[in-house]
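For the protein sequence lines, the chains are S, H, C and U, in the order given.
For the first sequence, our numbering begins at 1 and goes up steadily by one.
For the second sequence, our numbering begins at 1 and goes up steadily by one.
For the third sequence, our numbering begins at 1 and goes up steadily by one.
For the fourth sequence, our numbering begins at 1 and goes up steadily by one.
Everything labelled a hint here was simulated from the structure, so no lab data went into it.
Take the hints with a grain of salt, since some may be wrong.
In this list, chains with the same sequence are indistinguishable; a pair is considered to hold if it fits within one copy or across any two.
Stated by the list, open to error - With a straight-line cut-off of 20 Å between C-alpha atoms, the simulated DMTMM-like cross-links for lysine to aspartate or glutamate are:
hint : residue 1 : residue 2
1    : Lys-446   : Asp-168
2    : Lys-363   : Glu-392
3    : Lys-347   : Glu-31
4    : Lys-347   : Glu-236
Just so you know, these numbers come straight off a predicted model, no measurement behind them.
4 protein chains.
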Amino acid sequence: MTENHYSIDGDKLREECGVFGLIAGPDSHREPAFDTYNALYALQHRGQDSCGIAVAQRGQLRVHKGKGLVPDVFTMQDLEAFRGANVAIGHVRHATNAASVNPANIQPLLVRHASGSMALCYNGTLANGRSLRAESENRGGIFQGTNDAEVIAYLIVREHLRTHTLEDAVINAMEYMIGAYSMVLLQSDKLIAARDPNGFRPLCIGRIGDAYIFASESCAIEALGGVFLRDVEPGEVVVAQDGELKSFHCRIRAARRSLCLFELIYFARQDSVIDGCAVGAVREAAGRELARQNTVQGDLVIGVPDSGIAAAMGFASESGIPYDIGLMKNRYIARTFIQSQKWEQEKSLRIKLNAVSATVRGKRVILVDDSIIRGRTCARIVKLLRDAGAREVHMRVSSPPFRYQCHFGTVTPPAEDMVASGRTPEEVCRIIGADSLQYLSLESLKRLAGVEGLGFCDACFTGDYVLPVREADPRQLSIFPTLE
Amino acid sequence: MTENHYSIDGDKLREECGVFGLIAGPDSHREPAFDTYNALYALQHRGQDSCGIAVAQRGQLRVHKGKGLVPDVFTMQDLEAFRGANVAIGHVRHATNAASVNPANIQPLLVRHASGSMALCYNGTLANGRSLRAESENRGGIFQGTNDAEVIAYLIVREHLRTHTLEDAVINAMEYMIGAYSMVLLQSDKLIAARDPNGFRPLCIGRIGDAYIFASESCAIEALGGVFLRDVEPGEVVVAQDGELKSFHCRIRAARRSLCLFELIYFARQDSVIDGCAVGAVREAAGRELARQNTVQGDLVIGVPDSGIAAAMGFASESGIPYDIGLMKNRYIARTFIQSQKWEQEKSLRIKLNAVSATVRGKRVILVDDSIIRGRTCARIVKLLRDAGAREVHMRVSSPPFRYQCHFGTVTPPAEDMVASGRTPEEVCRIIGADSLQYLSLESLKRLAGVEGLGFCDACFTGDYVLPVREADPRQLSIFPTLE
Amino acid sequence: MTENHYSIDGDKLREECGVFGLIAGPDSHREPAFDTYNALYALQHRGQDSCGIAVAQRGQLRVHKGKGLVPDVFTMQDLEAFRGANVAIGHVRHATNAASVNPANIQPLLVRHASGSMALCYNGTLANGRSLRAESENRGGIFQGTNDAEVIAYLIVREHLRTHTLEDAVINAMEYMIGAYSMVLLQSDKLIAARDPNGFRPLCIGRIGDAYIFASESCAIEALGGVFLRDVEPGEVVVAQDGELKSFHCRIRAARRSLCLFELIYFARQDSVIDGCAVGAVREAAGRELARQNTVQGDLVIGVPDSGIAAAMGFASESGIPYDIGLMKNRYIARTFIQSQKWEQEKSLRIKLNAVSATVRGKRVILVDDSIIRGRTCARIVKLLRDAGAREVHMRVSSPPFRYQCHFGTVTPPAEDMVASGRTPEEVCRIIGADSLQYLSLESLKRLAGVEGLGFCDACFTGDYVLPVREADPRQLSIFPTLE
Amino acid sequence: MTENHYSIDGDKLREECGVFGLIAGPDSHREPAFDTYNALYALQHRGQDSCGIAVAQRGQLRVHKGKGLVPDVFTMQDLEAFRGANVAIGHVRHATNAASVNPANIQPLLVRHASGSMALCYNGTLANGRSLRAESENRGGIFQGTNDAEVIAYLIVREHLRTHTLEDAVINAMEYMIGAYSMVLLQSDKLIAARDPNGFRPLCIGRIGDAYIFASESCAIEALGGVFLRDVEPGEVVVAQDGELKSFHCRIRAARRSLCLFELIYFARQDSVIDGCAVGAVREAAGRELARQNTVQGDLVIGVPDSGIAAAMGFASESGIPYDIGLMKNRYIARTFIQSQKWEQEKSLRIKLNAVSATVRGKRVILVDDSIIRGRTCARIVKLLRDAGAREVHMRVSSPPFRYQCHFGTVTPPAEDMVASGRTPEEVCRIIGADSLQYLSLESLKRLAGVEGLGFCDACFTGDYVLPVREADPRQLSIFPTLE
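If we strip away everything but chain S, and leave its shape as in the complex, we get (with noise of 0.2 Å):
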């Protein structure tokens, strides 16, 4: 079990990136490293084991990145380094194997090319991109990572090479890439912001100033002080350039629109706002749904620390049940701790976490979190509620049973792993050790998050995939997607 290393949501999905860039306007004499840096941390949740910065600097190139938090990876040495840069991106980055984090993947990918150099960073996963390296590889093509950024590096350059500029080389290598991604680019003199046809992943866009800004959340944006423009649309190619914005879109329709209902769920920080879906606002009312649906009498009703809180709230609010702190977090827990593997899942959890004995003994507590994955922790915080004197626990879960690997940009379990997969809610519930337990459906969850003309991918709840995710052998070419 790889265990959340930086909180106690030990049974959370994990993001697997945040990208970010911003250009400075011809007047202007903002300092884009510097912002860069600022708004990385504003996006730290969506990944903490590496994280980078590349900037065009008097026309150079130049890229600083590496293990750990934005505040590990960077001494102000090193931004200061970056400063008279007019544009820069940075990126985010969770891995699978955070103790084995291959340098050679972190990004931003720092292209050198004859063409124009540029530096990429994406979120999201391409569901060919084992194809896309074969094809690669049989061309000549050398990797020194395993992730898709080199494979889209080379796909954009290939293209380059018969484009005038680079927005038209990013909009020709869409055609073939298949699958989730949120990217930015930069070149000496340009940014450029790319989101897939389908749009799983967020990317939105902001200004300050005369600065243009590309962000994976709103809540990017607002950090710096800096204001939200509007959402990068599913297959939108959008150039920062001189001051201006121009839009393109690549030659692919997509069905339908897919953006990640996980995105609302847990992944995206609360005050961020997502294809016109206020994050913590649709939290609050999953927990007001569930409050509706609920059948059993309760004293309290507690949220999972941090997770679980305005679900909470918003279950307490509808149904008159008091609210109440009755898990305490240990905001001083650091990697260090976590990371030596001294300590056993049970003592490590109680170290985190606290149930406030003086609040829940005797009470029927209602305990609220986003999401089951595995289950482990969950049964820790009953039986950690239980011993403080809860007389019952009730679990209310605000998303549907979680049965499903993503193939759009997420770390999951296997299938085998996941509490849900092949379970029933009771078994599920007996295995928690919980007095009953709730999920929220997913027509309740849709409709909460409903946006006209929104939709989403919901494949780990359903299995429904938007796109083929099983490849050929990716020895063997890919078959290249018919373009429109």
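Chains H, C and U: place on chain S using the hints.
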């Protein structure tokens, strides 16, 4: 202005220290150093500038200490070197000026002496520390640091030259110590706790298996899975040895108990119980009381994270005005970020805290925090909410106006930096830019915290110091207190 | 002026790299990564800016590399992670500008490819590197770094797509590579060494038990306790696999062998034997020859530590003038000291080097060094000796005047910074402030180093480059060499 | 066996400390902290385990110290914080067990006291340290560390309570101190040097501009570009203040001067002059004397780097047998390498030292070193030479057999670990595996080092201790020396 280094709570008082001690029982296989390490995590909120652990290991005393948070100072290797210890004490500490932590002041202090070596650490301030130091120097004592640890050590050692046991030496020494102190000491086979006769600072007793625990707060006992037994009484000296507890009392009797009110308002962790007060419950009740006294209409109650959350929830619950998460705290802000002094205060706050526009826009916001000291952070938060669209911002504070310096264990700014010092609430309201401001009255606060027989120190609100705080010229000998 | 970072040899050329590889034999229990680590210590003089080790471990290729000296880059944990590898290669490297080592240039380079992954590292410079890079880019290749490692990797991979074995691919690729290169490559079960047809840079073969070794210098083989077998021949490709060595030859024949003379004069470690030349013996003989040509009276011979010691001893022995330690080097000067750019050059030199007054006062000193490049350090040493009381200082240099840039694997200053460039020895003598100056003639040097059939590259003294060093416009395709 | 940590000189005694102090003159703009930093580099050979600098800066005393070499402990930032100091002292130290350096023992010791704060550091050992410590403890003194620094501080402070000046306190304190000590102290406007009445350890005075310097060795003065004035006399106390030097003498007169002979043989840097002896000249003369006493034929003289080089050159010069570099030392061996305890001793030596086969093969080698303590490293070097083909190896040692522990400032192994203890030279010769072994006689050594009036401590060779070294029971009061 010295901003709080690791949280958004920039305008907060700083507790000076947390102490902990554990002695293994005769049959136990516990590792006191490892337990102490874990417990210091639970006490980290009481001091983030330095920490240390001292142990007795096969009759030898050893100490490891340094600047920084618990995981910064201790590697697994450092802990492993303490394996096999039978007794350990630990300390976390806040320094007035974090940048220049004087290594000679880091605790525990290990004292080698023919009468039996010992290690000690304490939380508090001696009102007559300078006089005692001067007296020691006049007798030929030398000092490496500037705090009271060496002063106390000289007193105890001097007494120990004519007493049989360390506890007797401590009891004698306490006759000369005027002020606030909760301390733990160890010898090779013994653990001692002592609390000043007024009981300014908390100190409690716990048990896990056949091991005994002394800790500043009960949450540290619970973090280990131990059980809380009782508080150390004011003036009490408790000895844990050979699996037994013995209680003594010093020969000084205080006129009244004087628990620091700010422990309940802000310092202590919400899940701790101090001298019979459940901290979280007091905070929520303070919010309820504020609601009962409230005179304005509001659409929304918001707490300043994390210090104002409990009171805000109490306010919302009592008033019926809905609580919502209108301020979003970035939980990845690390020390490196803040320590770099490159960022202007306002930009810095924005990265730490984001006002959720979707929640506050157009609303009349009731903003709750536990205290206002200097008022600058508060003013910036009010502005943040207005920038995010709040129509009105009404500030409610769950403690009385803070106007006087603390001399009993807390780091406070000079009175002239306290916004309420010499100003009416209306003037403070104008300075922080709120539409209205209400404080909780001292009477209300004391009533809420009221436990049979429990008195409080309220000097920071009233200027009524329980003990004399002006010392004679430190080059003179101290005038020793008359004994009862 | 870029001063040498870790020694007093501030006015020295910088070798660019050292390479090493070891493959365990079928029955051996060696740990190739640990051996490589130890061997890199012995090659550390060939590059101090970055280093790395790549291994094949249970069929998987892995690499660990970073900035700094061998012990800075590798922890024991890093090495332990490579336990069980069957083959390893390692590299030490000097960067032109140490402060800004580009991480993408650190070797070994690990290349993932369908044709079989590999890792490679090299010592040298391709004269046609820019053309080859441009050609690769025109075919869609992307580059992350700026040195020739990726260029060579593309060539080899391109060839490997149509050859069965990696060695055949290397042999084919060598037809396109013009310049100086000694390289080692590994695959999961194979170790390959290749040396350019001119043999500019050293590369030799050793054995320890049933393991085979390739190394830049024989001292690395001896550091492990292994035995030197022979040098890799110019143009030779040697494959070690399954406990056997196989030798191949590339299809290019060079007009003549061209071992770099500076390897013998300065770069190589004194205890190495290169292409049959015992390095220490050559240096001592050079000192003897200088003595035979000497025209002045002296009381004392002094060598500049460490580079001039061997020649100074030869001079003393031949001339009968006593050798003494008149310059004392501080052996605790560490990188931190030098990297701080706070110290003026002269103060800095004084801390690194002290002229022993007791030894030199009133004496006519013969000062011997191996070379003068810029002349500034030399001038400061002459002044140091005069300040310490030396009556006369006669400079003797065991190589000819250095006047031309190297294009075959060495970092040299621009010609205008070389003190001998465009100046007579008399002018140089005046600049360095010596009483007289004599260089060793090129003819003498070649005669001393003379081994049957061994030719040298002497371009830095003569400007006669063995290979063309001006490239066509890099955006053009390279003109490939005609094959034999 | 505790191997030397940073050099191949594994079988060497360890000096315990080096001291330094500098006070700026009235008109000078020197930075004493920066000068001290540079000077500590020049004294680093006297201690590599910890170091520190204390300064007086605008009337305040401050100290920075830690484990490791000078550049490990001090960043530029640390030094910058000391800018503007008017006086500084510094210390380098060797600990008995480097792995467990007790931080409380690291010097300088900063003592805060009403009589005037001071900082002190010393080189040496008090023979009556334990008695003095016990006496202090009986008077109520507390100790944090285990060495004599606090003992000396208590003595001085006790005296200072009844003297007007610090120098008077030092002079008084010296009446109670029996043993070896060379110390420097600072107050806010004053720098003091004091040397024990026997003059065991060196201490000298220098000047640079109008600043005065005290240093363990003259090489530290020269490293700054200063001029050596004279040695501090045994029993002398020198005060530098207001641009003037004042000399005092303590009231104890020693029977005779007793400079440690090992300072000349091994400890001091070769370019230092101590009490009139030029260290390098003594070492070379010792080699010459060995040559005169030599009884065997040899083809080659080799010195063990770095300790045996000077004597080997003297031997070669006197005997006419050629000197050559037959042992090559790796100058990149860093602490990390050695501290890892994974390497067997023999493999470890091979990486540090290589026997040059080309030089020694078939030769009768005269191997010269300055001393043999345990004999194991010596045995390994003899084997290394034989493995490299040496026909005979004749060991010559430029000091007498080392047989007794030092009690005056040196870390020596227990007598039973000294190879010459209780053994004849013939037996030692067999153990180290040499063909013959000759030591320098004590008479010869003293004669060579002979300076008018200079006496030596030769206890390590003879067991004749100049002062009583057995203390009474430390719990008893010390019996104070009778004053003259």
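| Hints violated by the structure (numbers, ascending) | 1 and 4
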